[in-house]
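Build the full structure now, drawing on both the sequences and the hints.
Numbering (the numbering used here), first residue to last: 18 to 168.
Rather than coming from a laboratory, the hints here were simulated on the basis of the structure.
If you're wondering where the values come from, they're calculated on a predicted model, not measured in any experiment.
Even for Gly, the Cβ is constructed at its ideal location relative to N, Cα and C.
You can trust all of the hints, since none of them are fake.
Straight line, CA to CA, 30 Å or less: simulated DSSO-like cross-link-like pairs of lysine-lysine: (1) Lys-21 to Lys-164; (2) Lys-109 to Lys-150; (3) Lys-150 to Lys-72.
Here are the simulated distance ranges between beta carbons: (4) Phe-129 to Gly-165: 46 to 56 Å; (5) Lys-104 to Lys-162: 15 to 25 Å; (6) Lys-112 to Leu-157: 15 to 25 Å.
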Amino acid sequence: MNKKSKVPLTEEEVYERYKDNPYIAHQIPEKGVKGVYWDRWHHEMPEEERMEYRKEILKRSLEEVENNEVLRNFYYYDRWYLNENYKRKFRKLSKLNEEYDIIWTLYDKTNFEDKKLYEELQKLKPTLFNEYKRVIRKMLREWKKEKGEGG
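Written out as structure tokens, the structure is:
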């Protein structure tokens, strides 16, 4: 684990933390494969750990998040988690998330060949990421207040 981080930032570190939980970590010894079910990992994660991952993302650029498998997966599943659980509270994030999903689905149906859809996705990515960060900052402030840590 990175000394500056309170959470695992590589798939190997996540696997090591959850290797005794077959619902989250899996391996195929004869093939030398070890991995993580990312959706289950995010779903089963305690809220304190989610907040630590959110703090990590706040420190990074979109490119850094996309280049880190753990943060990329956390960001992806966390956006949907927030969309499902806080849709009314964070409407802008929800709207951007749904717009991104619609364009991605259309792009997927073109076998990733429609350059215009790809460009739309690329334009939307930073906007979605910035809105996610805004929402996370607000959530962290509220979470600290609830825990009595001040602002």
